[in-house]
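Protein chains: 2
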Amino acid sequence: MKWILSTIDSQLNTYNQVEMLSPAAERLRYILNEEDDMPTPTLFTEMDTLQREGGELEWKESARWVKFEEKVEEGGERWSKPHVSTLSLHSLFELRTCLQTGTVLLDLEGYSLPQIIDDIIERQIEEGMISPELREKISFVLLRKHRHQTKKPIHRSLADIGKSSSSSSECHAQSRSMNDIADTPSTDQLKNKFMKKIPRDAEASNVLVGEVDFLTKPFVAFVRLAQATTLGGLTEVPVPTRFLFILLGPQGKAKSYNEIGRAIATLMVDDLFSDVAYKARDREDLIAGIDEFLDEVIVLPPGEWDPKIRIEPPKKVPSADKRKSVFSLNELGQVNGTAGGGGGQAEDEEMPPQHELGEELAFTGRFCGGLYLDIKRKLPWLPSDIYEGFHIQSISAVLFIYLGCITNAITFGGLLGDATDNYQGVMESFLGTALAGSVFCLFSGQPLIILSSTGPILIFEKLLFEFSKNNGIDYMELRLWIGMHSCLQCFILVATDASYIIKYMTRFTEEGFSSLISFIFISDAIKKMVGSFKYYPINTDFKPDYVTTYKCECLAPDLSEFTPWLGEMQGAYPQGGGVATSLDWSQLSKKECLKYGGSLVGKTCKFVPDLALMSFILFFGTYSMTVTLKKFKFSRYFPTKLRKLISDFSIFMSIMTFVGLDMLLGLKTPKLIVPTEFKPTRPGRGWLVMPFGKNPWWIYVASSVPALGIIACFHLLYIALCLIESIYQQNKGCGYHLDLFWVGVLMAVCSFMGLPWYVAATVISIAHIDSLKMESESSAPGEQPQFLGVREQRMTGILVFALTGVSIFLAPVLKYIPMPVLYGVFLYMGVASLSGIQFWDRIKLYMMPSKHQPDFAYLRHVPLRKVHLFTLVQIACLAVLWTLKSTFLAIIFPIMILGLMVVRKMLDLVFSQHDLAWVDDLLPGKEKKKKKDDTKKKGKDKDKKKAKPDDSEEEDKCHAYSNHSPSTDSDLDRRYCVLKLHIPYKDLVCSDVEQSQWGAYCEAADTHSAL
Amino acid sequence: MKWILSTIDSQLNTYNQVEMLSPAAERLRYILNEEDDMPTPTLFTEMDTLQREGGELEWKESARWVKFEEKVEEGGERWSKPHVSTLSLHSLFELRTCLQTGTVLLDLEGYSLPQIIDDIIERQIEEGMISPELREKISFVLLRKHRHQTKKPIHRSLADIGKSSSSSSECHAQSRSMNDIADTPSTDQLKNKFMKKIPRDAEASNVLVGEVDFLTKPFVAFVRLAQATTLGGLTEVPVPTRFLFILLGPQGKAKSYNEIGRAIATLMVDDLFSDVAYKARDREDLIAGIDEFLDEVIVLPPGEWDPKIRIEPPKKVPSADKRKSVFSLNELGQVNGTAGGGGGQAEDEEMPPQHELGEELAFTGRFCGGLYLDIKRKLPWLPSDIYEGFHIQSISAVLFIYLGCITNAITFGGLLGDATDNYQGVMESFLGTALAGSVFCLFSGQPLIILSSTGPILIFEKLLFEFSKNNGIDYMELRLWIGMHSCLQCFILVATDASYIIKYMTRFTEEGFSSLISFIFISDAIKKMVGSFKYYPINTDFKPDYVTTYKCECLAPDLSEFTPWLGEMQGAYPQGGGVATSLDWSQLSKKECLKYGGSLVGKTCKFVPDLALMSFILFFGTYSMTVTLKKFKFSRYFPTKLRKLISDFSIFMSIMTFVGLDMLLGLKTPKLIVPTEFKPTRPGRGWLVMPFGKNPWWIYVASSVPALGIIACFHLLYIALCLIESIYQQNKGCGYHLDLFWVGVLMAVCSFMGLPWYVAATVISIAHIDSLKMESESSAPGEQPQFLGVREQRMTGILVFALTGVSIFLAPVLKYIPMPVLYGVFLYMGVASLSGIQFWDRIKLYMMPSKHQPDFAYLRHVPLRKVHLFTLVQIACLAVLWTLKSTFLAIIFPIMILGLMVVRKMLDLVFSQHDLAWVDDLLPGKEKKKKKDDTKKKGKDKDKKKAKPDDSEEEDKCHAYSNHSPSTDSDLDRRYCVLKLHIPYKDLVCSDVEQSQWGAYCEAADTHSAL
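As given, the protein sequences belong to chains E and A, one line each in that order.
Quick note, the first sequence lines up with residues 1 to 1011 if you use the UniProt record's numbering.
Quick note, the second sequence lines up with residues 1 to 1011 if you use the UniProt record's numbering.
Isolated chain E (complex conformation) (with noise of 0.2 Å):
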C-alpha cells in the first residue's frame, strides 16, 4: 500500500490539532452550506457490467442500490435480499484515483445517451486521454443494449420451461431494452413494479463496468448532467439519470472494475456524498467527498469477518442530518476520533435521560384549569375530527377493532358472570361496552382510545362479590357506591388537575401490579380447569368390557321415611296421591331422584365421562392455539399482511375453531350463558339499581376506599395510552383531564345499570391506533418506511360500539361457546401478559449463565447481583401481595398499589440512584435533586446539540415524546420511552415507535391490555 506510504506524516498535524478542519472538510463544508435549503433527490443507482452473450456485447444489471445493495443472482434469476455494500478499502482508493484522473463532466448539457457519449469520448480525445481511433470502438460498445433484472410472473415464466428445457441456462427471464436510444420510457420500464420502491422525485445514476480488448488503459469518465434525463432503456425504471459513471478497462481485471463499480455506486447512494456530487463545482469537490466518506467509513478487520457474509440492513442508520451537522455547525471538536467507536464510547452516558411529563399533566392551580384547556384544545378539531374520518383506511380498522371488542366483550362477560354469579353477563359486557365506548368516543380528549372490560377490573370485580357473598353485603349496592365514589373522586381529580401525582408510580409499582394481575388470571384459569376435573369426575376403574356391570340406579327410599316429602310429591305429580310406589323411580333423572329423596345406587354414579377430558383439551386447545397463532407473525410462510391478520384475529380464531371442535363432538361441556333475549343475564336482576335499601348506613361510606383503587387502576392504564399516543398523533393534542371526567360519569352511569365498569384498553386502543396509522408508500428495500402520522378522528370509535351494541342479538350464537374455552383464552392472557414485564424477564436471568443473557441496557449499566437484589425484592412484594389477595383485604386490593409506591421509596435506602434509573425509574423529588445537579452540564450539551434549542419548549408539551422519536438517537429514545412508558409492553411498543415500524410489537403488547 504505497499509496498511503509518504506524507501521512501530515497527518501528525492533524492528529494534533484536530480542532482544526480537514481541507477535505472546509472545502465540503463551503459547497453543503452554500444552497442549504434546496433538499437533493433520491439517488437510484444501478450498476450495469458488460458481458458478452451469444456472442453479442451488451450490459447487463448487476446490482442496484436505492439504500442498500441488491445483487442479481446470477443463476437464480432473481434479485438477492438487500443487504448492507461491504466494499473494500482497495477498492475505493482505486475509485478515488479513477475520478482524479479520468473525465469529470459536471453540468453536461445532455438529451440522449448517444449525444453524451460523444461528448465525453470527444473531451478524452481533447485532453490527449485516448487516441481518436479508439472512438468508434467505445462509442459502439457504450451503445450496447441493456438488459434488466426484471420480475416476471411465476406463471408466466413456469410456462417457459417447456421451451428451454434441456439446453442450459439460457432461459431469458430479464427484460431486453432494445430501444435504448428512444427517450421515452418502455413498456418493461413502465411495468416494473420497483418503481414503488423508489420516491417520486428520485433521479437515477447509471454506474457502467466492464472490460474491453482494444483499451491499455482504463478509459474512466463521471458525468453529471444539467437536467435529469431518461436515456431509453439504460434504466430498469422509468426514472431520469443524472449521473453516469463508465469506466472501461483492459482486459484480466473484471472483478476489480467490479468492485469500483460497486464503491461509486454505493458512495452515490450515501447521503452525504449524493448531496456533494450534486453541488460539486469541481473534480476535487468530488475527491473531497471521497475523502470525508472514508474518513466516516466502520472497518471491519479481515480476521474477524468474512466479506462473504451478506450484513443485514440494520433497523436504524445514523442520519444524515447528524453527519451534514458536522460541516454546517461550529462543532469542530468532535469532527475527527468519532466516527467508528465500535462496542465503544457511544453508551458512556451513566445515567438513562430523564423527562418530565407533559405539560397537560402539569398543575395549573386553577379551578378546573386542565379540564378548561383540554376542552380548548380539542374543540377547533372537532370538525376534522368528523371528515377524516371518511377514508378507505377507516373500514378495516373498524371491522379490525370490532372484532376485538366483541372477542373481548365476550371473554371477559363470560368470566365476569362466572365470577359474579351472573350478575354481570355477556350480556351486560356488550351493552355497557356500546355504550361507554360511544359516548367516550363522542366526547373524550383522545377519540382514539378505546374503553373496554379490563384484567383489574374483572378481578376486583370477582374480590367484591366474594367479599360480599361471604360478609352478607349486597353485591350490586356496593357495588353502586364504590362507583359514586369513583365518579367523585375523578370529578374532585379534574377539578384540582392532582394527576400529577401519577409520577410516584414507577415501573416498580406497576409491574408489581401487572404480574399480581397475570398471575390470578392463571392461577383462575388453572383452579377452573382442575374444578372441572372434580365437577366431572372421571372413573378412572372403568373397564370396557365390564360395561354390563355398570350402572346408577334411583332406588325408591325406605318406606318409613316416605311421609315428610308426600306433600311435595302430589304437587309436582297431581294426578297421583299417595302413591309413591307408582313413581317409576328408574325414570327419575339424578336431579329429580335426590330431588324426591330416592338414592343412587350404582359405580357410575358419581362419575361424568368425557366432559373433564374434553374440558381440558378445549382449555389447552385454545391457549396453544392462540400462542401459536400469534406467533406466525413471525415466520416466513404468506405475505405480511395476511400473517399479521392471522396474529390480530388469533384469539377470535382460536375460539371459533374450538367452538367448531365442541360443537363437533356434541358433548355437554359447559357453555357460555347468555339470554336469548334482551335481559340482564341473572334472572331477578333489573336493568337499574337501586342506591338505598339493602346494605347498613356506614357501606356507604366505606366504599370511597376501594373507589380509590378503582382510580388508581384507571390511572397506571391511562397515563401510559395518553403517552403512546402522543407518539402517533402530531398534531391533535392530548386531552387528559376532559377523558377522566367522561370516565367518571361513565363510572357513575354503569354503576346504576348494574353494567360493568370500563376503563381505557391498552392494547385494542393500540390496535386501533395502528390501523389508522399512515406511513410513505415508497422506501428503500431494506428501509423501514416512514411513519407519518395517524388519522385522528371520531368515526371509527362510534362505528365500533354501534355495532358492538346490535351484537347484542348475537345471542342464539354466543350459547355455543365453551367455558372451557374462555379459560384458555384467559390463562393466554395471563401468560402473555407476564411475559411482556421486565420483571419476568429480570426473573428470568437467575435461570440463564450470564453468558446468554440478552443485552439488556440496564444490565450493561448496572451489576447482576443489584437487578438480581432488586427482583427478589418485588418477588417478595408479590408474594406478600398475594397473601393478602386471600384475606378479607382483597376487597382493598387496587389501593395496594400505595403499598408498593411505599415499598419502592424505601428501595432508595438500599440501591444507588444510578441503579434506581436503570433498573426502576427515579422518584420525583430524586429527580429534581439530580436535575439541579446536571444543570451545567445539561446546559452545555443543548448548545451543542440543538439547533433551534427552544422554540419546541414553548409548543404544546403534550408532543414531548413525539419530538423524540424520528431523528435524535435511538438508543436515548429507547431507554426513554422504557423508563416513562410504565406499563409492561413498553418497551416493545417504544422500541417498533422509534422504527415506524409498529407491526411487530408483539403478542405480549397485544394481551396485556385485555387484563
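Check each hint, because a few of them may be wrong.
The list makes no distinction among identical chains, and a pair is therefore deemed to hold if it is satisfied within one copy or across any two copies.
[Claimed, not checked] Capping the alpha-carbon separation at 30 Å, the derived lysine-lysine pairs in DSS-like fashion look like this:
| hint | residue 1 | residue 2 |
| --- | --- | --- |
| 1 | Lys322 | Lys255 |
| 2 | Lys668 | Lys534 |
| 3 | Lys668 | Lys543 |
| 4 | Lys641 | Lys193 |
| 5 | Lys668 | Lys462 |
| 6 | Lys324 | Lys543 |
| 7 | Lys851 | Lys196 |
| 8 | Lys324 | Lys255 |
| 9 | Lys633 | Lys137 |
| 10 | Lys590 | Lys534 |
| 11 | Lys145 | Lys851 |
| 12 | Lys851 | Lys641 |
| 13 | Lys644 | Lys851 |
| 14 | Lys641 | Lys316 |
Just so you know, these hints were derived from the structure itself, not from any lab.
Following the hints, put chain A in place on chain E, whose structure we already have.
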C-alpha cells in the same frame, strides 16, 4: 483527510500493474517466509486505560481480545459479549502515525515493568522526543496499579451489597493488583477462570492508553520483549507479556486515544499482523503490516451501518493460512482487488464442485477385493479399539446411547408388535438389538455405527405382514426367505465390490424415499389415533343428569335359540347342565355375554367413556412435549450441557412423563404388550423359524425380489453414515465391505430366529460418534471450539448392547407404557424427519413470498420456477409411490427406489445439468463428461489454490471428506457436503461439521435415522 491527498497518484501505477507486489507486501513476504517453520504463539491482548478513581490514578482494564473484542461494561461490572471489533479508518491511520513517530523497541531485554519503562523513557529522551524532566512523571503514571475486571461469584458479591448500599456505584467488584512490581502471578491472576479460554502457549500484549495533564504531545511506545515475561499484575491472567503498547497524550482526546488503543489491540490479535509483529526487524516492517491489514479490511459505508451495533462473531472467518499464503506463493495476480467483494464476486462458481466417493467404494476388480482391503486396514487397530475405550468420556457415552437404544427398542418393538400382530414385539426387539448390535460392534469395520430398528424396515415389515395375511402366506417363513436372500445378495455385493452402484442414488431418489417413509409414519400415527376414537366411541349424547337412565344390560337370549350353544355352556359352567336360565346374565361381562349369545341392551353398550380422549391427550401430549424439549437446546436457559441433555433425552423424558400421567389417572388405555417372562411376544411361536413347509415353493424364489429392496434400504442408510464418520475419524479408516458382510450374516441369523432386521441407524450412530468426539478445550470467546477427532473403539458399543440385552428383564416396567404415547413418538419421528429434508424445504417455498425465502444456495443459482418444477415432479412421484403402496406392489416397496432412479434419469431431459447439480446431484456418467470439460480449468485452479496439490490423493481416499472440513472455503464445503451426504439431515450435519460444532445439529437429524 489530507493524509492521503498527495502521492495517491503513485497508486495509479499499482492500478495498472497489479501483478507487481506493493512494497509493503514485498517486505512482509520477506519476513514471513524467513523462518516459516516456527509458528508464533497466540496473543492475548488487554487494554487498560488510565482513570482517576477516588483521587488516585490507576490503570483500569477496559477491553480484552483473544480473537474477538470483549469490553468491560462499566456500570454492569461485567464483560460484554465477544464481538467483532469495528474500528474507524481514522484511528487506524492515527495508529500508523503513532508507530511512525513513536518509540519502537524490538527485542528489548525486559525483566520487570519499571525497568522496561525506564528503557522506553530513556530512549525517548535520547531521541529528544521528551524533555528529561518528564521522566519522573511519566514513570509514575505508568507504574500505577492495574485494576482488572474479573468475574466474581454471584453469591459472594450479593453479600457485598449491604456494605455498599445507598452509596453510588462504589462497590469494587474488580480485583486490584497491588503487586504490580512482583514478577510472580498474583492469586487473583491464578484464580481467573478466563485462563481456560486462552491457549496454553499464549503470550500477552498489553495496551496502555491514557491522557495526562503534563504532556503537550503524545508519548508513544511499541515494545517487543526478547523473552515473554510475567510483569506482575499487568495482565489479568498469568500469561507472560511479549508486547507492550503505550500511548499517553495531552488531555481532551481520551476517545481518540481509546480508539487508537482498540486499533492496535485488534491488530495484535490479527493472525497476519501478530506474525509480522513477532518477526518484524524494524519499524518499517510494522508499518508494512498495518498497510497490509488496511488493504484487507472490510469497509461498511457510514450511511448504511450504525457503528454502535455490536456485530456478533461470524461462524467462520477466512483462515489466516489463506491470507498468509499470498506472501509465500506466486499468486500475485490476485493480491489486490479480492479482499472486499461483499455480496459480490465470491460465489461466482456456477457449478457446485463435484467430488467422488471415497476409494473404499471403488471397484477393485478382484474377488472380495474390498473385503480384503477392509480387513487389512482394520486389523492393526484392534488393540487400540480396546484400550482406547477406557476413558471417562466412554461412561457418559454408554449411558446416553444405552438410553437411546432402549427407547428405540421399545418404540419400534411396540409398533412392530402392533404391525405384525405380535409376531415380533418388544421382547424380540430387545433381544435382536442386543444380539445384532454386539456382534456388529465386535467384528465390524466401523464399530461406532449402531445397528438398530429403523423406519423403512418397520414399514416394510408392516406391508409384508399385511401382504402375507391377505394372501394366506405364512409371514415368518416368507420373512426368513427374504432374509436369506438379502444375506446372499450382501455376500454377492461384498464379493464383487459392486457397491459403487450407490452413486446412482441422488438426492432425488433418497428424498422421495425418505418423504414416503415420513408420510407413512405421520399417516399411520394419525390413523391409529382416529382408530382409537372408533375403538372407544364417545357417547356424545351423554347428559350427566340422566346418568340413571344409562345402562347396558346383558339379556338372556330367546330360549328357542338356546340349544346350539348348550354344550359349550356346559363346558364353561361344568357345575350345572342345561340351565341357561340359571346363569346370572346380569353378572356377565360384555365379552362373556356375547360369547354365550346374550344380547346387549342399553344406551351405553357401544360407548367407552374417556379412553378415546385420554388416548388423544397422551398421543398429542407426547408429541408436543418431545417437540418442545427438542427445541429447548436453542433456548437461553440453563448451561449448554444441561440443555443438550434435555434435548437429547427429549423422547425418553416425554415417554416417562406421559406414562406417569397415565398411571396417575389410572385409565385403562391400551398398553404395550410384553411377555413377563423370556419368551416370544406372540404365544405359539418359538425362537426358531423353519424354512420349509408352510408356503408354496415359488415363494422361496420370489422372495429374492423384496430382498433387493432391503439391500437398497441398507445402502441408503449406511453410505451416509460411512461418510459422516469419515469426517470424524481421522485415522482408522472405513470398512464398508466388512460391515456389509456382517450385516448380511446378521440378517440371516435374525430371520432364522424371527427377530427384527437391523441396519445402521443414522442418528443414534451420529449421537454415538458425537458423544465420543474430542474438542480443543480452549477457544477464544466467540470462536467455535476446534474439533480434534473421535475416540473410535469397540468398548462403548459392546457395553451398550450388553446392557440392552440385560434390559429384557425390564418387561414388568414396560407394560405400563400406553400405546398412544408410542404413537405420539411415531408422529414426532415422521414430522421431525420431514423437516430435515430439502424437498420439504422446497415445498415450503411455495408458501413463502420470495422476499421472505431463506438464502438457500440453490436459490441463488437456479431460477425459482425451475426449483418449483423440480419439487412438483417429486410431489408427483410421491403421489404415485403412495398409491402403489396401497396395492399388492407394496411388498416390493423398497424397490421403488429403482423407479425413482429411472424418473431421475429422465429429468436430465427436462432440466439443464447446471440446475440439477444445484437442486439434486449429477449422475456419474454426466459427472465424468463434465469433468472432462473442466479439466483444463480445474488444472489452473489447482495450481492456484493448492499448495501441495497431489500428495493427499496418494493417501487413503476414504478420508476424502475429512480433507475438506478444516481450512477450505466454507460455502464450497457446505455445498459439497449437502450434495454428497444424501440423507436428509445432511445439511445440518455438514454445516456443523465444518464449524466443528456438532452439538448444533438439530432435531431433524436426531430422528431421521430412527426412521
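- prompt: Going back to the hint list, which numbers does this structure go against?
  reply: Hints 6, 9 are the ones this structure does not satisfy, whereas the remaining hints hold.
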